[in-house]
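Colleague: The residues making up each chain are set out below.
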Amino acid sequence: MTMRTTLKRSYYQDSVALMGLARELRTGAGVREAAALMGTPANQTLMADAGLLTEEARAAGPNDLVIVVRADSAAEADTALARAELLLTARRTRVEAAGRRRPRTLDSAVRQLGGANLALISVPGAFAAAEARKALRRGLHVMLFSDNVTLGDEIALKRLAAERGLLLMGPDCGTAYLGGVPLGFANAVPRGRVGLVAASGTGLQQVVTLLAAAGEGVSQAVGVGGRDMSEPVGASMTLAALDALGADPATELIVVVGKPPARAVRAKVEERLHALGKPAVAAMLGREVAPGTSGALTTVATLEDAAAAAVAGRRGREWAPRAFSDPAAARHRVKAFRAARGPAGVAVRGLYAGGTLAYEALLILEPLLGAGSVGGNLGGHGGGSHRVLDLGADEFTVGRAHPMLDAALRIEEIASAAKEPDTAVLLVDVVLGHGAAPDPAGDIAPALEAARRHAQAHGRGLAVVASVVGTAADPQGLAAQTARLEAAGAWVLPSNAQAARAAACIAGEPRVAEALLSGDA
Amino acid sequence: MADYRDLFSRLGGELRVINLGLESFAETLEGLGVPVLHVQWTPPAGGDPERARLLSLLEDEDGV
Chain A
-10 MTMRTTLKRS YYQDSVALMG LARELRTGAG VREAAALMGT PANQTLMADA
40 GLLTEEARAA GPNDLVIVVR ADSAAEADTA LARAELLLTA RRTRVEAAGR
90 RRPRTLDSAV RQLGGANLAL ISVPGAFAAA EARKALRRGL HVMLFSDNVT
140 LGDEIALKRL AAERGLLLMG PDCGTAYLGG VPLGFANAVP RGRVGLVAAS
190 GTGLQQVVTL LAAAGEGVSQ AVGVGGRDMS EPVGASMTLA ALDALGADPA
240 TELIVVVGKP PARAVRAKVE ERLHALGKPA VAAMLGREVA PGTSGALTTV
290 ATLEDAAAAA VAGRRGREWA PRAFSDPAAA RHRVKAFRAA RGPAGVAVRG
340 LYAGGTLAYE ALLILEPLLG AGSVGGNLGG HGGGSHRVLD LGADEFTVGR
390 AHPMLDAALR IEEIASAAKE PDTAVLLVDV VLGHGAAPDP AGDIAPALEA
440 ARRHAQAHGR GLAVVASVVG TAADPQGLAA QTARLEAAGA WVLPSNAQAA
490 RAAACIAGEP RVAEALLSGD A
Chain B
530 MADYRDLFSR LGGELRVINL GLESFAETLE GLGVPVLHVQ WTPPAGGDPE
580 RARLLSLLED EDGV
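Sequence lines, in order, name chains A and B. Everything in the first sequence is counted per the numbering used here, starting at -10 for the first residue and increasing by one. Everything in the second sequence is counted per the numbering used here, starting at 530 for the first residue and increasing by one.
No lab work stands behind these hints, which were simulated from the structure alone. Treat the hints with care, since some could be wrong.
Stated by the list, open to error - Stretches of chain A that chain B covers, calculated by requiring three or more beta carbons in the stretch to come under 8 Å of a beta carbon on chain B: (1) 50 to 64; (2) 222 to 232; (3) 250 to 258; (4) 400 to 411; (5) 441 to 454.
Claimed, not checked - If you want the footprint, here are the derived chain B segments under chain A, 3+ residues with CB under 8 Å: (6) 542 to 551; (7) 569 to 580.
Even glycine gets a Cβ: it sits at the ideal position worked out from N, Cα and C.
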């Protein structure tokens, strides 16, 4: 086994580009492991953990690109590094061949692109606030995709934006649609009459894809960042977006997606929602939420219900929540999976890429499986047998890409959950759209197949229950991704909420399935 | 707080985007025919976050 390092001084590359490069290098003959990272202290720790921190890598600075390859032989390691060089050069040549002179600063970009009106910022968090401030000062709206921006910076940036009538979407804003343009991680959805305000990227994606499936489109969708409705931020961007959507002639109905606002800002948000003069739906996912209707405002408990209530509202129809869209098929599948699961299989293991989808699953599972029985990393009340993990949470993504881009961590978790003898159900989400991995279902399907085979070899049945957040127009294609999961033996449901309920029906006490699947529920 | 009621009419018919960070976002927008310019961004102050923060405060004082 040999390790070889290439160090390129002052050669900044973004994290997604480097992830793609490392992935390419790992496919090389004899290559056991490859890392392509900027030499920041955090990345050096990561390389040390992986046993890849060579002397050269240790000497790298934050703006130096480090490529380390571990291979069976020196020749194979050298070949991989030569390949890295070629790939990097090809990237550079492609840019130059397009005849583009790339600006190096925001200022020169503003000069070069006349009439710029939005800055999309996804630089590392420590540098993001400064770039956002510059953009706002130059009159640009900002979508701040970067995370790890301090609360103090967020408050200051939103104050600056509010003084100038500009949007500061974020920080940690994954998804938005402005004027029909999808920004960040966004599904291909039609334009339409529903305007949205969202404190959650994947929550927004679930709602707009279900709207699209029902034939409804999006007028505008403003992301506000997960902390906007906290007391210190005071919902400043939520209120601004509601004002804008209220006055927007293209928007006929408004949906708000997030977690319940802090007590101090709740009244302000509700007051504004009632004052809009347009029907509105609030999906504020939380334990204390009481669904119901008050005037023009409908409060719902799940993302699917938000889409269903919005569709009904647009069409002047009555609407009621339902557990499954096809109860007969659900009954049949639940019965088969329960019969196969074996006596030891009693636990749900939710392994999520989407943070809000994970949280929604937790909220659905808790009352069905028993208070205190669902653990995980989302502030679940329990350390019980069930578990929901948000694999995109900060503790999992330090120095590595988000699970919506890189399935490596989820593949590991699937394998380890399959080995636990009490696992009855693997519950997963697959998120499609611009920005997501090219084949997210294909990335995890072999691991899901292997998990089922492993369980089978040990005399127990393992159910894989999934939902796909996507549309037919997405680059990955909803039908193809669904088919890939089904080919791996997964039961694919039309929404995350239904998938979570299905998981509870399979793993829970018989009364859970009876309650959710009785009659036409 | 400024008035946001005219936000979407101010944004007008066309979004024109400056992209800093993940180049794949610019590539997506380009593919959709959205005017976008990708900045060849590199971390300022040699990649030292604290020095970069101080630098950006100085720039602000200059009114840049």
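Colleague: Now tell me if each hint is right for this structure.
Modeller: Each hint, compared with the structure:
1. Three residues within the 8 Å Cβ limit are the bar, and the region 50 to 64 of chain A against chain B gives 3, so the coverage statement holds.
2. Coverage of the region 222 to 232 of chain A by chain B holds [criterion: at least 3 residues with CB-CB distance below 8 Å; count 4].
3. Residue count for the region 250 to 258 of chain A with a Cβ under 8 Å from a Cβ of chain B: 0. That is fewer than the three needed, and the coverage hint is violated.
4. Under a criterion of three residues with beta carbons nearer than 8 Å to beta carbons of chain B, the stated coverage of the region 400 to 411 of chain A fails, only 0 such residues being counted.
5. Check on the region 441 to 454 of chain A: 0 of its residues sit with their Cβ under 8 Å from a Cβ of chain B, so the three-residue criterion for coverage is violated.
6. Coverage of the region 542 to 551 of chain B by chain A holds [criterion: at least 3 residues with CB-CB distance below 8 Å; count 10].
7. Judged by the Cβ-Cβ criterion of 8 Å, the region 569 to 580 of chain B is covered by chain A as claimed, because 9 of its residues qualify and three suffice.
Violated hints, listed in ascending order, are 3, 4, 5; each of the other numbered hints is respected by the structure.
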